[in-house]
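Trainee: Construct the entire structure; sequences and hints are all you get.
Sequence lines, in order, name chains E and H. Note that the working numbering numbers the first sequence so that position 239 is 239, with each residue one more than the last. Note that the working numbering numbers the second sequence so that position 109 is 109, with each residue one more than the last.
Be aware that a few hints might be false.
Part of the chain E face toward chain H, derived, beta carbon under 10 angstroms [as the list claims (entries may be wrong)]: (1) Glu-8; (2) Ala-40; (3) Leu-51; (4) His-62; (5) Leu-65; (6) Met-88; (7) Gly-100; (8) Pro-137; (9) Ala-207; (10) Gly-214; (11) His-215; (12) Gly-216; (13) Met-237; (14) Glu-291; (15) Ser-292; (16) Cys-294.
Read the hints as simulated data drawn from the structure, not as lab findings. Even glycine gets a Cβ: it sits at the ideal position worked out from N, Cα and C.
Number of protein chains: 2
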Amino acid sequence: MKVSELGEFGLIDLLAKMIAEAQDGQPGYPPFLVGIGDDAAAWQGKNRTQLATVDSLIENIHFSLDTTSWEELGWKSLAVNLSDIAAMGGTPEYALVSLGLPDNTEVDDVSSLYRGMIELGKRYGVSLAGGDTCSSPVVMITVTVFGTEQDALLLRSNARPGDAIAVTGHLGGAAAGLEMLSRGLSPSAEIATSLRESINKPTPRLAEGQLLVGHGIRTAIDISDGFLVDLRHICEMSRVSARIDVDRLPVLPPVRQVFGDKALEMALTGGEDYELLFTGDSDHITRIQAESPCPITVVGEITGGNPGEIRLFDSSGNPVKIRQSGWEHFRKR
Amino acid sequence: MKVSELGEFGLIDLLAKMIAEAQDGQPGYPPFLVGIGDDAAAWQGKNRTQLATVDSLIENIHFSLDTTSWEELGWKSLAVNLSDIAAMGGTPEYALVSLGLPDNTEVDDVSSLYRGMIELGKRYGVSLAGGDTCSSPVVMITVTVFGTEQDALLLRSNARPGDAIAVTGHLGGAAAGLEMLSRGLSPSAEIATSLRESINKPTPRLAEGQLLVGHGIRTAIDISDGFLVDLRHICEMSRVSARIDVDRLPVLPPVRQVFGDKALEMALTGGEDYELLFTGDSDHITRIQAESPCPITVVGEITGGNPGEIRLFDSSGNPVKIRQSGWEHFRKR
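Mentor: In structure tokens:
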């Protein structure tokens with residue numbers, strides 16, 4: 001059935017039912033005063049800092065339905081916002097979704113989209129609290145996530161010379177996955193699954209963000225634009241410089257296996273890995289490494305010098321140059 | 001200058017500066033713990049109910065740049081969300097904006113867009129707290145507004161048989177304005193301005209929403225889809241029926257002057273008037289009428305009977321039929 005046959009209100013009813021079925025009576029979903037079906041969502045605020053973040057995914061700009069399934073799209077559209085909450089050290093609570101759809105969109109596809117969102121939401125106790133659907137020339141998903149923070153925030157502006165620079169998980173998987181899918185490469189099934197999940201089903205590092213806060217870390221960003229661009233954001237906002245040992249970067253193993261020498265560039269400049277990039281005292285980071293199930297790798301150091309400058313070296317101390325510095329919207333290349 | 005020449009981060013810097021200049025040190029803007037430039041906005045929640053709502057405006061679906069200026073578009077994209085907060089009886093506090101723009105968009109136009117948003121935000125003490133910008137095939141604006149509520153909420157589900165049905169302000173102006181602009185009609189300058197503002201610069205009825213709550217009203221909706229469609233939402237969610245005296249509808253006078261007999265249909269079915277439609281005790285409404293600077297008109301009564309059914313009569317008691325029932329996305333007509 002087409003969306004145009006079901007109609008907007010039919011679509012809202014369908015989605016509201018899907019969400020209610022997924023959430024009603026489930027532990028971990030705080031009750032709303034007002035949920036889907038009224039003019040706005042409402043909930044009782046607690047005595048805590050509220051967090052909010054918004055991101056849009058637009059067809060043929062941020063994703064292609066040739067390389068991303070509707071279910072993956074739903075997962076990812078929520079994941080990128082949860083990642084922003086993770087990068088603040090916060091706990092996500094609720095999401096609002098604004099969905100723009102071409103009139104000939106299949107309703108089953110919209111259901112799959114929501115299934116992906118609900119699956120991820122369940123994993124982290126995030127309620128879908130309502131939103132808006134409308135006609136659009138291309139698929140467009142804007143998710144707003146609200147969260148709270150109790151103890152301290154991870155900011156981009158808190159890096160200090162002498163801080164170690166570290167990242168969660170592995171890098172380069174998203175760029176490699178996108179290239180594999182768009183060029184139609186066929187590595188082994190295991191590698192293909194790993195790379196496809198890297199680009200289409202990123203894991204927001206929520207537990208890690210909260211662990212960082214608990215261990216005294218105060219500086220972090222999520223890697224959405226690429227390691228180098230996001231590190232530059234930290235350096236500019238903290239008025240510091242950085243040096244990176246590129247040989248220590250935790251490149252995702254399948255990326256090296258499929259792309260060889262190009263893997264390092266993918267890890268440095270490919271966007272959308274949604275790992276946390278953070279800085280802090282080495283002793284704190286050692287304790288975090290011991291406690292975290294997710295790998296944590298130290299890759300360099302914050303220094304004084306030109307604010308925003310990043311120098312790359314290999315493990316022998318030789319300078320390294322790379323070709324481009326990551327993803328930025330609008331800018332002509 | 002084109003957006004593509006300035007780049008995303010240049011654009012964010014520009015917008016952050018505009019917003020900071022408009023808000024810094026101004027009374028009525030609650031301070032953020034974290035504002036624009038980090039991964040998410042953060043603020044200290046108070047001991048009150050938080051409200052949140054989101055709406056998207058998409059080029060050539062919700063608006064055309066032939067008939068809406070960029071500044072009007074900015075105003076309107078915030079106004080439609082503030083109207084949702086008004087329809088809950090709440091107070092808006094913060095907004096997040098996700099902006100999708102074609103690469104060849106003029107930066108001056110984006111500044112105008114924000115000027116319109118800032119102008120309306122200032123009027124109601126609403127901070128622009130950050131957001132997201134990205135490339136898009138058409139202009140796309142998604143605004144999320146956060147607010148609070150202290151005493152009680154206006155819901156769609158609280159209407160009871162015997163309630164009077166009333167509306168704020170006048171109806172039909174938005175539909176008439178859109179028709180005037182898209183057909184290139186040229187009424188007198190005064191009428192043209194009134195109709196243009198009706199469609200492009202709606203006034204969110206925030207003070208009125210709060211006044212309703214204060215006088216014991218508990219049922220309201222904002223007229224975004226059209227008087228009849230939105231009244232049907234109230235009737236369906238409250239499991240009641242309604243009868244309307246169409247001769248009592250407060251049709252905006254210029255609509256009658258330009259469109260004659262078609263004015264009534266515009267008032268009943270035209271969307272986007274963003275007036276409040278509410279129900280409640282007649283005595284309460286009489287007191288509200290005495291206190292409100294904005295006209296309040298009683299137009300009918302909530303009755304028992306088929307949930308969602310709306311019967312129209314003229315003042316002689318004869319049944320009235322109209323051709324269509326309002327605006328709905330996706331549905332083929």
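Trainee: Determine for every hint whether it applies to the structure shown.
Mentor: Quick rundown of the hints versus the structure:
| no. | hint | result |
| --- | --- | --- |
| 1 | Glu-8 | holds, 4 angstroms |
| 2 | Ala-40 | holds, 4 angstroms |
| 3 | Leu-51 | holds, 5 angstroms |
| 4 | His-62 | holds, 7 angstroms |
| 5 | Leu-65 | violated, 14 angstroms |
| 6 | Met-88 | holds, 5 angstroms |
| 7 | Gly-100 | holds, 6 angstroms |
| 8 | Pro-137 | holds, 6 angstroms |
| 9 | Ala-207 | violated, 17 angstroms |
| 10 | Gly-214 | violated, 18 angstroms |
| 11 | His-215 | violated, 19 angstroms |
| 12 | Gly-216 | violated, 19 angstroms |
| 13 | Met-237 | holds, 7 angstroms |
| 14 | Glu-291 | violated, 23 angstroms |
| 15 | Ser-292 | violated, 20 angstroms |
| 16 | Cys-294 | violated, 19 angstroms |
Against the hints set out earlier in the document, violations occur for numbers 5, 9, 10, 11, 12, 14, 15 and 16.
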